[in-house]
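> These protein sequences, in sequence, are chains A and B. With this note's numbering applied, the first sequence corresponds to residues 43 to 375, in that order. With this note's numbering applied, the second sequence corresponds to residues 43 to 375, in that order.
Take the hints with a grain of salt, since some may be wrong.
Stated by the list, open to error - Heads up, incomplete: computed chain B residues facing chain A, CB under 7 Å, no partners named: (1) R59; (2) V61; (3) W373.
If you are wondering where the hints come from, they were derived from the structure by calculation, not from laboratory data. Think of the CB as a built atom: it goes at the ideal place given N, C-alpha and C, for glycine as much as any other residue.
2 protein chains.
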Amino acid sequence: MKKLINAVEDVVVDSLRGVAAAHPDSLKVDLDHRIVLRASGPVDGKVGLVSGGGSGHEPLHSGYVGRGMLDAACCGEVFTSPVPDQITEATKAVDGGAGVLHIVKNYTGDVMNFDMAAEMASMEAGTRVESVVIADDVAVQDSLYTAGRRGVGLTVLAEKILGAAAEEKRDLDALLALAQRINEGGRSFGVALTSCTVPAAGKPTFDLSDNEMELGVGIHGEPGRETTTLGTAADVASQIVEPILADRDFTASPVIAMLNGMGGTPLIEQYLVWGEIAKILAGKGVTVARTLVGNHITSLEMAGCSLTLLSADDDLLTLWDAPVETPGLRWGC
Amino acid sequence: MKKLINAVEDVVVDSLRGVAAAHPDSLKVDLDHRIVLRASGPVDGKVGLVSGGGSGHEPLHSGYVGRGMLDAACCGEVFTSPVPDQITEATKAVDGGAGVLHIVKNYTGDVMNFDMAAEMASMEAGTRVESVVIADDVAVQDSLYTAGRRGVGLTVLAEKILGAAAEEKRDLDALLALAQRINEGGRSFGVALTSCTVPAAGKPTFDLSDNEMELGVGIHGEPGRETTTLGTAADVASQIVEPILADRDFTASPVIAMLNGMGGTPLIEQYLVWGEIAKILAGKGVTVARTLVGNHITSLEMAGCSLTLLSADDDLLTLWDAPVETPGLRWGC
Chain A
43 MKKLINAVED VVVDSLRGVA AAHPDSLKVD LDHRIVLRAS GPVDGKVGLV SGGGSGHEPL
103 HSGYVGRGML DAACCGEVFT SPVPDQITEA TKAVDGGAGV LHIVKNYTGD VMNFDMAAEM
163 ASMEAGTRVE SVVIADDVAV QDSLYTAGRR GVGLTVLAEK ILGAAAEEKR DLDALLALAQ
223 RINEGGRSFG VALTSCTVPA AGKPTFDLSD NEMELGVGIH GEPGRETTTL GTAADVASQI
283 VEPILADRDF TASPVIAMLN GMGGTPLIEQ YLVWGEIAKI LAGKGVTVAR TLVGNHITSL
343 EMAGCSLTLL SADDDLLTLW DAPVETPGLR WGC
Chain B
43 MKKLINAVED VVVDSLRGVA AAHPDSLKVD LDHRIVLRAS GPVDGKVGLV SGGGSGHEPL
103 HSGYVGRGML DAACCGEVFT SPVPDQITEA TKAVDGGAGV LHIVKNYTGD VMNFDMAAEM
163 ASMEAGTRVE SVVIADDVAV QDSLYTAGRR GVGLTVLAEK ILGAAAEEKR DLDALLALAQ
223 RINEGGRSFG VALTSCTVPA AGKPTFDLSD NEMELGVGIH GEPGRETTTL GTAADVASQI
283 VEPILADRDF TASPVIAMLN GMGGTPLIEQ YLVWGEIAKI LAGKGVTVAR TLVGNHITSL
343 EMAGCSLTLL SADDDLLTLW DAPVETPGLR WGC
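Next comes chain A alone, as it looks inside the complex:
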């Protein structure tokens, strides 16, 4: 294992020290609870948005804390759910009197711990907490860590759009309804060319031979639909797009598209794949209104990429374009 770390058990805290050092003006890092908060504190009358999950997917979630996006991120150990105590602390810290929304990726541990934290925050501080469980991965139904579909790339889009809506001071019920629309309208699918190594494990999560690719991989290296031979980028683009379009009709309204790098795939390849995907989508009558290319929800140093499509009406597009000012996503500010 070759990594730029100190002790394996300190990876998350040491990295958060770096986050604190890099963003002293905009972020507050609570090292004890491993939560990242806006330095400016909760906003009166604004719903607080809390997300989180296992670390190793950066910039998700800690890199998405800031104006126009999250109020707090709870950082679990690498690829491990945050514990209820962390989430409770974050929930209480961001409550500006209008309640708190939890944005949760659909993994059994995450769902359970966010649920417990919601109850605890409600009991301890009287905070009204609602949650949305993102479940967008069309690759597999029920998997290693999940009942139902896994929550993957759509989480980035959900955090951006819900963040903008919260900034407008829409209330918790409106945000819940919006979250539901996002969840219904979004789909993702990913592929891996290599595995990745969780520091505490010290060896790759799975094996792929020199000409193999994992189709439908999960963001923790969970198996997908099949291990197959790696073809050209055009082949891979088609293998990514097909299952998404087979699952939902994306021709009815324009889409927001994210071509996401898993961590170890350079941007030159990500743009290349996006070029191929854009061609296919155009041929299928899908109109792309907005595009995001880059490492936005990663799996440590895994090579590969994923595609997320989200059906977007004017409201969603306006919220997408609204100002955002976080380390990982920034525009309009």
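Knowing the structure of chain A, use the given hints to seat chain B on it.
Leaving out everything else, chain B in the frame of chain A:
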């Protein structure tokens, strides 16, 4: 070689197709000349900024075209200088009547081809062209591809700061003087944990064993000062900072710092290293005024990172903070 590409010879053009598809509103891509331009065209009375170099370092340079930064980027083959014809075309295309500044990384081929292009543009179109050759890498004096110091991470900072100054309509002489100040005040040093594979070569550029690190590596995998045993992140941070501080006194004014990922090192590790570096800098009396962490000048999928420090006065900090709106760097817009 596992890469998301079609034919090896089409990597750059295929990737630029993706850039065009992703940023139709802000960028214009000339596939024939492999140059990326602002869609809005040249600005009257503004100095045009042109940079470029071998591909494989994205977001540098194509990802830095846009308001507040470059007017055009010339994309060579992977790790290969762009040819004079491309650069001439870009230079003529961005001339808004106030001349053009070439921002060139110090590699023999780049310097030669930008020089030839400057002459050609001057002869063909009467454009006044000046150039700055960035040479910030303290690792080696004279290397595989370079006389003098290599141009690396400081290029990102130079493009940002000069871009802001050009947007203010400072004239070409003022930009040249500013470029000189940046060049004098900036230093970089990088380490690699793995090599990377140039598509046309099909195999890794160099070899490192499981516990080795290359100290002072170049952005094309050029050898550095020595191959050494990989220690903790704290050790590596010190190995990166020491040669930079040994080369220049950074205590006299605040610095802009960039902790750059080489491509294959996840953000969680980059922040972790930045945390260690920030500690060392504080101990040495260096005041960090601004910090940028992430993949900004990469070497395909190479694992590793580099540090760039730039001494900054108020003028440089104001230019650094000025609005920028490019795919790779965006704030204040």
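> It remains to establish, for every hint, whether it holds in the given structure.
Going down the list of hints, with the structure as the test:
1. With a least beta-carbon distance of about 4 Å to chain A, the hint placing R59 (chain B) at the interface is held under the 7 Å criterion.
2. Hint on V61 (chain B) holds. Least Cβ distance to chain A is approximately 5 Å, under the 7 Å limit.
3. Because the smallest distance between the Cβ of W373 (chain B) and any Cβ of chain A comes to about 5 Å, under 7 Å, the interface hint for this residue holds.
When the structure is compared with the earlier hints, no violation turns up for any of them.
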